[in-house]
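J.: Going line by line, the protein sequences match chains A and B.
The opening residue of the first sequence carries number 1 in the UniProt record's numbering; numbering runs sequentially from there.
The opening residue of the second sequence carries number 1 in the UniProt record's numbering; numbering runs sequentially from there.
Where hints are given, some of them may not hold.
Said to hold, decoys possible - Reference listing, derived: stretches of chain A covered by chain B, where coverage requires no fewer than 3 residues with Cβ under 8 angstroms from a Cβ of chain B:
| no. | stretch |
| --- | --- |
| 1 | 5-12 |
| 2 | 29-37 |
Said to hold, decoys possible - Not close to chain A: a few residues of chain B, all C-beta gaps over 10 angstroms, as computed:
| no. | residue |
| --- | --- |
| 3 | E39 |
| 4 | T59 |
| 5 | D97 |
| 6 | A155 |
| 7 | P194 |
| 8 | T228 |
| 9 | M298 |
| 10 | S384 |
| 11 | D435 |
| 12 | I447 |
| 13 | V449 |
| 14 | D476 |
Keep in mind that the hints were calculated from the coordinates and are not lab data.
Glycine included, each C-beta is placed from N, C-alpha and C at the ideal position.
This is what each chain is made of:
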Amino acid sequence: MPHHVVSDLVANVLSIAVQVGDTVEVGAEIALLESMKMEIPVLTEEAGTVSEVKVEVGDVVQEGDILAIIE
Amino acid sequence: MAHQPNEASATASAATKPKPDRATDPRNPRLRLAEFFDEGSLELITPEDDSGMLAAVGTCQGTPVAAFCSDATIMGGAMGVAGCKVVLAAYERALADGIPVVGIWHSGGARLPEGVVSLHAVGEVFAIMTRASGKIPQISVVIGAAAGGAAYGPALTDIVILAPDGRIFVTGPDVVRSVTGEAVDALRLGGPEPHGRRSGVVHVVTESTEQAYERGRQLCSLLADQGTLDVSGIEDLDLEETFPESAKRAYDVHPVVDNVLDKDADSVELHPRWAPNIVTQLGRFGGRTVGVIANNPMRLGGCLDSPSAEKAARFVRMCDAFGVPLIVLVDVPGYLPGVGQEWDGVVRRGAKLLHAFAEATVPRVTLVTRKTYGGAYIAMNSRSLGATKVFAWPTAHVAVMGSVAAIRILHRRRLAEVDDAERAAVEQQLADEHDLMSGGLARAVEIGVVDEIVEPTATRSALATAIAEAPQRRGDHGNIPL
Numbered sequence: 001m002p003h004h005v006v007s008d009l010v011a012n013v014l015s016i017a018v019q020v021g022d023t024v025e026v027g028a029e030i031a032l033l034e035s036m037k038m039e040i041p042v043l044t045e046e047a048g049t050v051s052e053v054k055v056e057v058g059d060v061v062q063e064g065d066i067l068a069i070i071e
Numbered sequence: 001m002a003h004q005p006n007e008a009s010a011t012a013s014a015a016t017k018p019k020p021d022r023a024t025d026p027r028n029p030r031l032r033l034a035e036f037f038d039e040g041s042l043e044l045i046t047p048e049d050d051s052g053m054l055a056a057v058g059t060c061q062g063t064p065v066a067a068f069c070s071d072a073t074i075m076g077g078a079m080g081v082a083g084c085k086v087v088l089a090a091y092e093r094a095l096a097d098g099i100p101v102v103g104i105w106h107s108g109g110a111r112l113p114e115g116v117v118s119l120h121a122v123g124e125v126f127a128i129m130t131r132a133s134g135k136i137p138q139i140s141v142v143i144g145a146a147a148g149g150a151a152y153g154p155a156l157t158d159i160v161i162l163a164p165d166g167r168i169f170v171t172g173p174d175v176v177r178s179v180t181g182e183a184v185d186a187l188r189l190g191g192p193e194p195h196g197r198r199s200g201v202v203h204v205v206t207e208s209t210e211q212a213y214e215r216g217r218q219l220c221s222l223l224a225d226q227g228t229l230d231v232s233g234i235e236d237l238d239l240e241e242t243f244p245e246s247a248k249r250a251y252d253v254h255p256v257v258d259n260v261l262d263k264d265a266d267s268v269e270l271h272p273r274w275a276p277n278i279v280t281q282l283g284r285f286g287g288r289t290v291g292v293i294a295n296n297p298m299r300l301g302g303c304l305d306s307p308s309a310e311k312a313a314r315f316v317r318m319c320d321a322f323g324v325p326l327i328v329l330v331d332v333p334g335y336l337p338g339v340g341q342e343w344d345g346v347v348r349r350g351a352k353l354l355h356a357f358a359e360a361t362v363p364r365v366t367l368v369t370r371k372t373y374g375g376a377y378i379a380m381n382s383r384s385l386g387a388t389k390v391f392a393w394p395t396a397h398v399a400v401m402g403s404v405a406a407i408r409i410l411h412r413r414r415l416a417e418v419d420d421a422e423r424a425a426v427e428q429q430l431a432d433e434h435d436l437m438s439g440g441l442a443r444a445v446e447i448g449v450v451d452e453i454v455e456p457t458a459t460r461s462a463l464a465t466a467i468a469e470a471p472q473r474r475g476d477h478g479n480i481p482l
């Protein structure tokens, strides 16, 4: 089943650490968000290949928004 | 080979008999209790019969514990009058001896054929659990289905451990389907994923039944054999080592918690995946059991929100009831803002944490590592709520809000006139002036809301001395499942 890497909270996307096709391990940083005056890395809980990146730098994401999909 | 004929005959008898032999059935409660307790320590206190429950005493890491176990070989472990009497016997023994009681659950709930009388009996179990609440540690190990009445039994106890085959629900998949039309299986309805991450019903999810028993034994030892704090045995180490360089950068607080607690000692994190923006963990500190509560900036920036306040509040009250001192590691930007939070009752649920800390009489020591702002500053065991001692690292910020956020409000008009190119520099200058004027950490010490500034390399011993010097009290209250 594909794993959805989602944002926990409303935030700005500061940077994206992966591209489609990248292989990632558990705990790899997918994106860096900015919220509550903090820079918060979002890590994947599953290993696999990045099949889709759903956001761009500068986007505002809402709680539950999918950042990337790992197959 | 010699054993082959025996194996063959066992297979043959299994084929002719519809049920496995009760003596060797892995669901036999005597076998389960024997597996749970320290090896060879099992002593039954009720007869092996058709009641559907079995009670015993034994030891967990050497400490005496009472336990009861569902008999899933009879009617799926359903609870009738006789079975509930067995549970009461385990509780009465535990209360009389002042020892923990552990329930090993595999039960479909009340016995249907007995009718209302079985509901009454299950209700009596709930009543004695409530009477025992806060007096003796109660731990539930759910290793099979625990439905209906058998779901609320564990829910009333202090800590619920769920093994991979454990399922907890009020009504099973069949009833859900017939009433609401929703198609759902038992795993998705009440397995480790929903209860470990979403509902907060389960404190500890394990990878095997064996590990569930092991966690149960560790928790019995941590709560019932708390030991004494040996201050001279506390070694200092650089607790700041695992922090990122930038103060804005989020980090996982688990390594910090692990560094505060004794290495090579049992430690159990409760609710690790539910409300992960706060960490609640039992462990040893200088040999003594302590509870650690820590904001985790990696999740939601470490903000407090409805579930995390509730999770922490229940943990504080449990530790207070059993006399477990608290270490509170604070790095909190505030309460999480948003419509969802307000509608979710962040005011009501956040108030539980204020109440829990203000009520607590155990030694409870606070350490501000990086920052503590606003309402969350108060909630995280502040001086005003009666903290035993409040420490802060030299670079910590203690304020109503971050200084940049503050000057954006205080100097809104002036900043509106500044060019975009210069804004960051002007903001920083105003923020520095604001820090000087509001006094920052020095002012917090002056007015007494921070007792002492400690270096990260001297923090463990400072925490230990503060806990050891405080009156060792425990709260006189139950542990309602908040």
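J.: Check the non-interface label on D97(B): least C-beta distance to chain A beyond 10 angstroms or not.
T.: Since the minimum Cβ distance to chain A is about 43 angstroms, D97(B) lies beyond 10 angstroms and the statement holds.
J.: Taking the closest pair, is the beta carbon of T59(B) still more than 10 angstroms from chain A?
T.: The claim stands: T59(B) keeps its Cβ more than 10 angstroms from every Cβ of chain A (closest is about 38 angstroms).
J.: Could you check that no beta carbon of chain A comes within 10 angstroms of the beta carbon of I447(B)?
T.: holds (25 angstroms)
J.: Between the stretch 29-37 of chain A and chain B, see if three or more residues pass the 8 angstroms beta-carbon test, and mark the coverage as holds or violated.
T.: Satisfied; 3 residues make the cut.
J.: So D435(B) supposedly isn't at the interface. Is its beta-carbon more than 10 angstroms from every beta-carbon in chain A?
T.: With a cut-off of 10 angstroms, D435(B) remains clear of chain A, as the shortest Cβ separation is near 15 angstroms.
J.: Mind verifying the non-interface call on M298(B)? Its CB should be farther than 10 angstroms from each CB in chain A.
T.: violated (7 angstroms)
J.: Over 10 angstroms from every CB of chain A: does A155(B) meet that, or does the non-interface label fail?
T.: holds (27 angstroms)
J.: Could you check that no beta carbon of chain A comes within 10 angstroms of the beta carbon of E39(B)?
T.: holds (35 angstroms)
J.: Examine the stretch 5-12 of chain A for residues whose CB is less than 8 angstroms from any CB of chain B, and state whether their number is three or more.
T.: The restraint on the stretch 5-12 of chain A holds, since 3 of its residues have a Cβ under 8 angstroms from chain B and three suffice.
J.: Does V449(B) sit more than 10 angstroms from chain A, CB to CB?
T.: holds (22 angstroms)
J.: Going by Cβ atoms, does P194(B) stay more than 10 angstroms from chain A at every point?
T.: Per Cβ check, P194(B) is outside 10 angstroms of chain A; nearest 16 angstroms; holds.
J.: Could you let me know if the closest chain A CB is still more than 10 angstroms away from the CB of T228(B)?
T.: Since the minimum Cβ distance to chain A is about 38 angstroms, T228(B) lies beyond 10 angstroms and the statement holds.
Comparing the model with each earlier hint shows a violation of hint 9 alone; every other hint is respected.
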